[in-house]
Structure formats: structure tokens, C-alpha cells
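Construct all of the structure, not just a fragment, from the sequences and the given hints.
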Amino acid sequence: MAQEPKSGAAASGNPAGAAPSGAAAAGNPPVLSVSGLTTSFLTDGVWKSVVQDVSFHVAPGETVAIVGESGSGKSVTSLSIMRLLAKGSSRIDGRIILNGKDVLSLPEKEMRQVRGNDAAMIFQEPMTSLNPIFTIGRQISEALTCHGDISKADARAQTIRLLEKVRIPNAASRFEDYPHQFSGGMRQRVMIAMALASRPKLLIADEPTTALDVTIQGQILDLIKLLQEEEGMSVLFITHDMGVVAEIADRTIVMYQGRAIETGSTADIFHNGQHPYTRALLSAVPRLGSMTEHKWPLRFPVVDVVTGERSEPMEVADTVDRKAAPILKVENLTTRFDIRGGLFGRKVGAVHAVENISFDLFQGETLALVGESGCGKSTTGRSVTRLVQPNAGKVNLDGRDVLRLETEELREMRRSIQMIFQDPFASLNPRMTIGGTIAEPIIEHGLGTPAQAREKAADLLERVGLSADMMTRYPHEFSGGQRQRICIARALTLDPKVIVADESVSALDVSIKAQVCNLLMDLQQSLRLAFLFISHDMAVVERVSHRVAVMYLGEIVEIGPRELVFSNPQHPYTRKLMAAVPVPDPSRRGIKRNLGVDELMSPVRPVGYVPPLRRYREIAAGHMVRIEEAA
Amino acid sequence: MYTYIAKRLLVAIPTLLIISIFVFSLQKLLPGDPVLAMAGEERDPEVIEYLREKYRLNDPVPLQYVHWLGNAVQGDLGISLRTNLPVLTLVGQKLPVTIQLAIMSMIFAFAIGIPMGILAAVKKNTALDYIANVVALSGLSIPNFWLGIMLILLISVNLGWLPASGYRPFFEDPLNSIKTMLMPAFVLGNALAATLMRHTRSAMLSVLSADYIRTARAKGLSERSVVLEHSFRNAVLPIVTLSALLFGELLAGAVLTEQIFTIPGFGKLIVDAVFTRDYAVVQGVVLCTAFGFILMNLLADILYVVLNPRMRASL
Numbered sequence: 001m002a003q004e005p006k007s008g009a010a011a012s013g014n015p016a017g018a019a020p021s022g023a024a025a026a027g028n029p030p031v032l033s034v035s036g037l038t039t040s041f042l043t044d045g046v047w048k049s050v051v052q053d054v055s056f057h058v059a060p061g062e063t064v065a066i067v068g069e070s071g072s073g074k075s076v077t078s079l080s081i082m083r084l085l086a087k088g089s090s091r092i093d094g095r096i097i098l099n100g101k102d103v104l105s106l107p108e109k110e111m112r113q114v115r116g117n118d119a120a121m122i123f124q125e126p127m128t129s130l131n132p133i134f135t136i137g138r139q140i141s142e143a144l145t146c147h148g149d150i151s152k153a154d155a156r157a158q159t160i161r162l163l164e165k166v167r168i169p170n171a172a173s174r175f176e177d178y179p180h181q182f183s184g185g186m187r188q189r190v191m192i193a194m195a196l197a198s199r200p201k202l203l204i205a206d207e208p209t210t211a212l213d214v215t216i217q218g219q220i221l222d223l224i225k226l227l228q229e230e231e232g233m234s235v236l237f238i239t240h241d242m243g244v245v246a247e248i249a250d251r252t253i254v255m256y257q258g259r260a261i262e263t264g265s266t267a268d269i270f271h272n273g274q275h276p277y278t279r280a281l282l283s284a285v286p287r288l289g290s291m292t293e294h295k296w297p298l299r300f301p302v303v304d305v306v307t308g309e310r311s312e313p314m315e316v317a318d319t320v321d322r323k324a325a326p327i328l329k330v331e332n333l334t335t336r337f338d339i340r341g342g343l344f345g346r347k348v349g350a351v352h353a354v355e356n357i358s359f360d361l362f363q364g365e366t367l368a369l370v371g372e373s374g375c376g377k378s379t380t381g382r383s384v385t386r387l388v389q390p391n392a393g394k395v396n397l398d399g400r401d402v403l404r405l406e407t408e409e410l411r412e413m414r415r416s417i418q419m420i421f422q423d424p425f426a427s428l429n430p431r432m433t434i435g436g437t438i439a440e441p442i443i444e445h446g447l448g449t450p451a452q453a454r455e456k457a458a459d460l461l462e463r464v465g466l467s468a469d470m471m472t473r474y475p476h477e478f479s480g481g482q483r484q485r486i487c488i489a490r491a492l493t494l495d496p497k498v499i500v501a502d503e504s505v506s507a508l509d510v511s512i513k514a515q516v517c518n519l520l521m522d523l524q525q526s527l528r529l530a531f532l533f534i535s536h537d538m539a540v541v542e543r544v545s546h547r548v549a550v551m552y553l554g555e556i557v558e559i560g561p562r563e564l565v566f567s568n569p570q571h572p573y574t575r576k577l578m579a580a581v582p583v584p585d586p587s588r589r590g591i592k593r594n595l596g597v598d599e600l601m602s603p604v605r606p607v608g609y610v611p612p613l614r615r616y617r618e619i620a621a622g623h624m625v626r627i628e629e630a631a
Numbered sequence: 001m002y003t004y005i006a007k008r009l010l011v012a013i014p015t016l017l018i019i020s021i022f023v024f025s026l027q028k029l030l031p032g033d034p035v036l037a038m039a040g041e042e043r044d045p046e047v048i049e050y051l052r053e054k055y056r057l058n059d060p061v062p063l064q065y066v067h068w069l070g071n072a073v074q075g076d077l078g079i080s081l082r083t084n085l086p087v088l089t090l091v092g093q094k095l096p097v098t099i100q101l102a103i104m105s106m107i108f109a110f111a112i113g114i115p116m117g118i119l120a121a122v123k124k125n126t127a128l129d130y131i132a133n134v135v136a137l138s139g140l141s142i143p144n145f146w147l148g149i150m151l152i153l154l155i156s157v158n159l160g161w162l163p164a165s166g167y168r169p170f171f172e173d174p175l176n177s178i179k180t181m182l183m184p185a186f187v188l189g190n191a192l193a194a195t196l197m198r199h200t201r202s203a204m205l206s207v208l209s210a211d212y213i214r215t216a217r218a219k220g221l222s223e224r225s226v227v228l229e230h231s232f233r234n235a236v237l238p239i240v241t242l243s244a245l246l247f248g249e250l251l252a253g254a255v256l257t258e259q260i261f262t263i264p265g266f267g268k269l270i271v272d273a274v275f276t277r278d279y280a281v282v283q284g285v286v287l288c289t290a291f292g293f294i295l296m297n298l299l300a301d302i303l304y305v306v307l308n309p310r311m312r313a314s315l
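Protein chains in written order, with the numbering used here: chain C, 1 to 631; chain G, 1 to 315.
Careful: at least some of the hints might be erroneous.
Unchecked claim - Pulled a few chain G residues facing chain C out of the computed Cβ check, cut under 8 Å:
| id | residue |
| --- | --- |
| 1 | R56 |
| 2 | P86 |
| 3 | T215 |
| 4 | S222 |
FYI, nobody ran anything at the bench for these hints, they're computed from the structure.
Every residue gets a Cβ at the ideal spot worked out from N, C-alpha and C, and that includes glycine.
This is the structure:
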């Protein structure tokens, strides 16, 4: 007996009509209504509330976004609604009515029926949110079988329909596949299929696109929107990304330090924000296309969180020294990683991570390497510092032939080029004081006495906006943004000429990201630093760089001055990348509909693969685009 | 998959060779001359010389090794100097006993250690968790011989439920064979259960906080299915590796426990052989044990791949 898992969707009436815009039926009772929600955690024997007195509702067919930075309590709010927090160490007070049920008073057994049936959830990390040892078919059909009597065969048929619904190609043949056989974007589709299994009234999406590449993010957002219209469900969307909010939400709740400080229609929040924090958050958001008027990089405006006072960024004079020879010159750089397999570990292929790329970097200049995962931008950074050994090419750093240096000279060379990494939590030694961390390179390179090193460390801490008396503290005492400042101070210790910033601001909250970007630009101005700025974030790149190189599958497809590349992108991939960036402006949403399922291509090549010879076309002075030969 | 197994087998060969060299030379380093021990009180030079020739003890040491290894590969582990029986026969007598004891001990270890570990992880920081930890700690700290003697006193002497000793071969009299081995297997298994429990607990704890467990709960699965299927199936992977090591240790024999329950296993064989400088037996037993150890680890590696689809992909 083939039965639909839940026929509840029919009750909510016209799915297509209920879905779009904020005008969602006023008369219908809300799907979710939260009042006075306060969630506390037991830490060291004391109850500390992380969410305080939060109230909101979600109407049928409506999309509500909760936006906030890390620690604002947005995820805890969503987990409280599903009662997914650890029992002993958390306490939820207030009132949550979900689909007519009083969530907080339900016994655990009935709560299980609520999960999946009334509300389903998708999470940030598609890579870890699926059980690695079960097939995805099993994991989806489980969501069906655990809520009602449905036969195995019916569950299987239903699962395949769900996989088709989330546009997974060849759905039936992928039923028996394991999560690791899917890409990140595809796994998120599997998660969505699982969430839709019992046709929930409410979908809670907790940062569902944060870990995805920008072109994939566009696909997933569109998929969520489309499915919402088809199923007539409400969506509670948790995110830190104002661009995503503008793209998807009817109404928006801004959370700050555990409180909902402002609620309103998305357009109101964006154009007419009342709370100073809302305005501070919005001003820190980089907007793609906002730099057309400016020739040089521009600092972010700073808005005081308490007073709402806004200080406009001052224009920076040109910092680039174009007359001198480039400080870093890269020619035909190629880095490949062998893939071995079989009984005796023969070479069976190679990852062509970086393939024949060339660029210059001048003193005082920021060159951005931009692209999606696997495009080789990080490997390029590691190759020029020789943290990985390139296969071919030439790297000239300040007159030194980097790829030919011996161990001792290499140490010497590394004084002129330093790296800042993405994760400020993992890149500081937890057992070393930050003063020790910053001073270490000086002592290690024999450039000064411990006293001199300490003096320098104190000076650098002041320079990156911290204070000298923090020297004796350990990394865990600092926030993410502060730690990234410490990493910057450490990179500056040896007075380098070039800094490779590998996704250095990607893990930071928007407001912190803006501050750290401002700091990098300040340092560039005062120290004439050259930055190789590796990033996937087009909007940040537009703000901070002088020149941009777009990378795809290990090659540069387009390179040129920032204003030319952004105002007149020539390569199809550059255009695709720019079109996929969500615009933080609700009045400009829905410009694109990208329902494709194209995946990121892989740079893995078989043995004996000969990369095609590439030719470039010069559009304008310094603006080069790869010519795509017809296949 | 098959390539993987072939690869593991290839790696096992040099390991075995190194062990054989080690076993062989360790013997030569032991003080005392077996021929003197055999020749009796008179120490007739002619007899000694005859014995030396007979056991090829006059050859250069490397040649002795090659000769010994060549025979060993063909199943000839030499003749026991003490009993005059082929070592293979001795090993053949004792090995089934040791294997039976090892399997039964592991069953006890699993039956006690794994449920306790799961329970302790699920009920972390509650009374149940503390009790499980105390039980585990006592399992580790109570000496086997003491527990063995206490069990004999209680169960055999006072209650008369199980025989205190008297081994019966499994294939002749299965029921009594199992009965006589219950107590020693419990004694050995109880100690291993403690280790297993600690590892199960920590493996479960790390899995229970994984993102995919949150997903499983958000789906509305029952706690039972979340813990036993989604969590335990992942936590079992490190336990497989540990179990192979523990089983390998059991194969080496448990001298004290065997002594107390008078079980004719490997432990007793090797101790007797060492005391009487019975070279061939010591070599044979150690080699067999090492072989068993490597075999168990090979099995664990293969099982690991079977249980872990991610490993299958990378083969």
C-alpha cells in the first residue's frame, strides 16, 4: 500500500499562492510562535543565559531570517525550538508553539514526532552532518520509516522521488552511495531531501550555505526557495550573511548578544534600520559593485555599535610603487600532487593544483587571488613561500630565485615573505604566551636579544590595535578577531616585504572582518607591504585589492586592475562567479535563477596528461583574459 | 579490496621474518647450554659432542638460522629437547586450548565492556557513569590470580556450581569443556573488559557529539536507534583495532590463570620450555604467537575496511 507519508500539506491550502513575499496570510495562525524564549547553559555550576527573552513568529509560507554574528545566540534559538540541546546542561524557558503544539511541555516521546514531522532542520556542515557509514538512501528512508508505518519498498520509492525533487542527477542509481561519494553541495541537497521527507510545516535552515562555494550557494538558495513554493512550508533561516538574508527573507530578526534587538520586514531592516547595531552590521557588509567610483582600495566605514555614529573611511592615496621592479615575480609556476594507488603505489594520476601561472606583485600592492575550492589559490600561496615544492617555474622574490634556494638561504628568504592563515584558533600555539609567539621569530632567526624581541612584540601589538600588557596572556583568552590580529603581528615581526594572506578574514564575523581589513590596509600604507590576498569572497576582494587574478582549475583565467576586472569582466567564469554573489539589497533580489546542478570541476588528471597551451588576450592595459579555444 | 588484502599480506611477510630473526637470536643470548642440561650429571664429552652434532649446534649461527627457518616454513619446528616430541605436535596440542580460552575470554570482555562503555557514555557524568568507571578500574587493578582463587573458593568449593579444574577437550566433551573454562575465561575477560569499556566510552563520547548524530536526532529517530545504530556503528571502528590487540595478547597464553585452573595452554608450555632451556619449543611457541598476532591484526584491518565505507573508497 503506497501511501504518502503525511497529507498535512493539503491543509495549508494553496502552496504556490502562500509562498512569496512578506504578505503571507495574516489571518492564519502562525506555524511557529516563540515568546519570551530564554535558554541558559550550565557552566561551572552557574546558569548563564545565552538567549534572553526572544519573541517572534513565523507565518505559514513565510521566510524569516535570524541574522547575527557568532555568539549572538541564533543557533541556540533554533536548537531550542527543536529541543536538541543537551538535556542536563541546558534549560529552556518561555513558550514555543509549533504547529499548535506546546513544544516545551511535550514529553520526549511526542517531541520525537514533532522533529521531522512538524519541523525539520538542515545544518551548516554538509560534510559532517551525514553519517559516514550509512548509505544516503538509508538515511533518508529512515526519516520516513521512523514516523509511520511505511514499507521498505515504499520508503525506497519515496526516497528516490525526494532525491529527484532536490535535483540530484541519476537519483535512483545513487541510493546506495555513501556520503563521501558526494560533493558538499550535493550533500546539502541530500540533507534537504531528508528534511522534506515528512513534509514538515517548518524548515529550520541553520547556516545551510555558509560552508559552500558561492556558485553552489546560489544553487542551494534557489532550491530552498523553489521547494518552499512547491511544498508551501515556512522557513526559518539562520545566517550571518546579510547578502543571503536580502536574497531570501520576507522578515528579518537581528540578534545581538542573545537578544532580538530588531525585527521587521527585510526591506525595512536594510533601508531603515533603527538599532545602531543593525546599522553597524550593515555598514560592515562589503557590497559587490560599490567600488566603481573608487580607483584605490577603500577602508570600511566604522559605525559605533552603541551610539550609531558613523565615521566615513578616508580615501587612501596610491600605495603602489610601480616604477621599481616587482617585489615578487612568478613565472610559469606549476605545482602538481601525485596520486598513487595499486599494489605497489604506482602513480595513477596527478592533481594539477597550479598549472603554468604567472603574475607580478609590486611593493605596496595588493594582488587578490580569487576562486572557489580546488582552484589552486592556496597552493599558489604555499608554492611561492615554498611550503610545498613546485614542479616547475620561476619565483623571484626581491632578487632571490626562491625555487633554487638551499635550506639556510630558504630560512633567510622566509624573513621577507610571511603568511597569515584562515583559522586564527588553530594557528596559534595554545601553550605559548602571545608575547612569546610574536617574539619567537626574532630569537629564532638570531636577530636580537630576548629583551629586544619583547620590545618589538610590544610595539607590534600596539600596531595591530591590541595593547602591550596583553603579552603574557595565552591565545584562549582572546576572541577570533583579536587572535587574527595576533597572527598579523607575528607575521610582521621580521619586517617582511610580502605577506601571503590565505583566506585571512574568511572565518571572521562581518564587523570584525571589516576591522581586520582596515588594519591590513593601514599596515600597507605605513609599511608599504605587498599582499598576496587569497580569498573566495568577491566583495571583500573588490574592497581591498589593487589587482585581481581569477583562478579556475589551477589556472588564471583573468587578471587585471581591480576596477577593470569588476566593471568589465570578460571571462565566462569571472562573470559566473560575480553573478553568484548574493547582493545585500532586498530590492535587487531574484535577478538570477540558477537551478543548474553543475558541480565544481576537479583538477585531477590522468598520467601523461598534457595541459593545453593557453593564450591570453589583452583587453586593456594590464587586463588579460584567457582565450577559450573551441573544444 | 583484494589489492588491499594482498598489500597487507605482503607487508606481513617482512614483519614475520624480522620476528623470526629476533626469536632466533634471543634464544642464543639466553644464558645456559641446553646440551649440558640434557647430557645429565656425567657430562660425557662424547655424548655432548654427539648432541651438538645432532642439533647442528656446531654450525655458524647464520647457517643455523637459515636451516631452522627453512624447516619452520615447512612446518618442522624441530624436536623438543625435553620431551623428544616434535614441537609442532606440542603446539598442536596446546593451541586449541589457548584459542578456546581466548575466544571465551573475549566473549566475556565484549559482553561486559561494550554495554558498560555505551551506558557510561550515554549517561555521562551521572551515578551510572561513575559506577561503570569504578567497576572498570577494579577490573584493571584486581590481580587475576587473586580473583581466580576467590572464584574457585566461592563457586567451586562453597557453591559447587563449576569444577575448579580439569580440562576437557572441546571436541570430545563440549559441555564440560565450556564449563571448566567458564571461570578462567571470566577472570581474563573481566580484566580486558575494563580496557574495552574505557575505549568504548571515549569512542562513543566523541561520536555522540558529532554533527550527524544531531542530524539523526533532528530527524526524530528514537534514542535507541541514535545510540545503537548511528553512534555505535561508528564508535566500533577503534574498538575493532583494540580487540585484535587484546586477542593477540590472549594467544600468548596467560601463565598465572592457566596455572590456577590447571589448563594445559600456551602459557604453561612456554614457561616450562624457558626453564628447561628447551630452545625449539620456545622458538616454536613465540613464532606461533607472533603469527597469530599478525593474523589478528590483518583481520582487524580487513574488518575495518568492511565496516568503514570511506576506507573502501580510498583503496
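Now for the hints, and whether the structure bears them out:
no. : hint : verdict
1   : R56  : violated (38 Å)
2   : P86  : violated (37 Å)
3   : T215 : holds (5 Å)
4   : S222 : holds (6 Å)
In this structure, the hints that do not hold are numbers 1 and 2, in rising order.
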